[in-house]
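Whenever a hint applies, use it, and build me the whole structure from the sequences.
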Amino acid sequence: GLRRCLISMDIHHIEEAFQEIKKTIQAKDTFQNVTILSTSETLHSIKPLDVCCMTKNLLAFYVDKVFKDHRELNPQILRKISSIANSFLYMQKALQQCQEQMQCHCRDEATNATRIIHDNYDQLEVRSAAIKSLGELDVFLAWIDKNHQGTSA
Amino acid sequence: DGVTVLPAPQNLSVQSTNMKHLLTWSPVTVPGEIIYYFVEYQGEYESLYMSHIWIPSSWCSPTEGPECDITDDITATVPYKLRVRATLGSQTSAWSTLQHPFNRNSTTLTPPVMEVTKDGFHLVIKLEDLGPQFEFLVAYWRREPGAKEHVKVVRSRGIPVHLETMEPGAAYCVKVQTFVKAIRRHSPFSQAECVKVQGETLPL
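Order-wise, the sequence lines are chains U and S.
According to this note's numbering, the first sequence holds residues 1 to 153 in order.
According to this note's numbering, the second sequence holds residues 1001 to 1204 in order.
Since the hints were made in silico from the structure, they are not lab data.
Computed from a predicted structure; not experimentally measured.
Just to be clear, a hint being listed does not mean it is correct.
[What the hints assert, rightly or not] What follows is a list of derived Cβ distance ranges for each label pair:
#, chain 1, residue 1, chain 2, residue 2, range
1, S, Gln1091, U, Ala60, 52 to 60 Å
2, S, Ser1051, U, Arg107, 34 to 42 Å
3, S, Pro1062, U, Asp119, 26 to 34 Å
4, U, Asp138, S, Val1030, 24 to 32 Å
5, S, Glu1149, U, Arg71, 36 to 44 Å
6, U, His118, S, Val1153, 38 to 46 Å
7, S, Val1153, U, Leu49, 28 to 36 Å
8, U, Phe31, S, Val1005, 43 to 51 Å
9, U, Asp119, S, Glu1115, 26 to 34 Å
10, U, Asp69, S, Gln1010, 21 to 29 Å
11, U, Phe31, S, Thr1063, 27 to 35 Å
Glycine residues also receive a C-beta, built at the ideal position from the N, C-alpha and C atoms.
Given below as structure tokens:
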């Protein structure tokens, strides 16, 4: 299954990079009572069968949208975001290679959950949405950890 | 932007061994003056999606020497573009960019240094600390015809690891290689080292 795909991902160093900027990023989030990733009916209700598609969709969400929409001037934070973004790019490529040998179907459940996340994102002003999604990276990383037990180093 | 007078640094190259990456270049010299260099990098993500973004290196913005340890900047297994420029007061050179992007999966992995010892009848190995990205694959066997080779994956670093309880008079041999999960590559095996319970380490 997907564990074999992401088994060689060094998720641990991504978590470390995020922990170093989490406080600063979350402090910039001015809409504390709103969430993009962690509404209960999205990530936490994803079934094992949909994990691959959801992982693919969320990597794309961050790579194609969040990291691009965020503007960062602080070099220390920029380095950590770059580290995470390039690691997600590597994961996308590894997942792509893996998909040729295994199924990564997108059923309605995963497609709907992804749309909810994009809808949540689009309801906020783009910079606010990007900063909030960055601040919720730990939700996504924890979800990856939980669904790919063997991957964290 | 300062007036570009200084020549740009030349001959950029990266030497990478065991996931330690060093960017070097030919120094720019102005008699009697100290030249400072600024190093910046761009991961594949920035190249693809934000090509105007260059990130100042963690340790070399600025630096005096014609080299820069970029290990802490290269944190994903994707191609990285690197560039350097020289400055002297308000004078700055043009940027020089590394000819080919660097990917850490090209690092040279060397056989690890090991210390094989006996603690009474216990075969013990101690491995050099190469950092958190390294695992060690230790192969050991009893030196006799048809002996089975045992393999143990060691993740602890720099501390003795018990391999086997030896039988008196028997000789045991050990070899080891590293594995780096982030780039999915192994090093070559080290030379085998053998010990005999009541004897000294025997060269092969």
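Structure-based check of all given hints:
| no. | hint | result |
| --- | --- | --- |
| 1 | S:Gln1091 / U:Ala60: 52 to 60 Å | violated, 45 Å |
| 2 | S:Ser1051 / U:Arg107: 34 to 42 Å | holds, 36 Å |
| 3 | S:Pro1062 / U:Asp119: 26 to 34 Å | violated, 46 Å |
| 4 | U:Asp138 / S:Val1030: 24 to 32 Å | violated, 49 Å |
| 5 | S:Glu1149 / U:Arg71: 36 to 44 Å | violated, 56 Å |
| 6 | U:His118 / S:Val1153: 38 to 46 Å | holds, 42 Å |
| 7 | S:Val1153 / U:Leu49: 28 to 36 Å | holds, 31 Å |
| 8 | U:Phe31 / S:Val1005: 43 to 51 Å | holds, 50 Å |
| 9 | U:Asp119 / S:Glu1115: 26 to 34 Å | violated, 59 Å |
| 10 | U:Asp69 / S:Gln1010: 21 to 29 Å | violated, 38 Å |
| 11 | U:Phe31 / S:Thr1063: 27 to 35 Å | violated, 41 Å |
In this structure, the hints that do not hold are numbers 1, 3, 4, 5, 9, 10, 11, in rising order.
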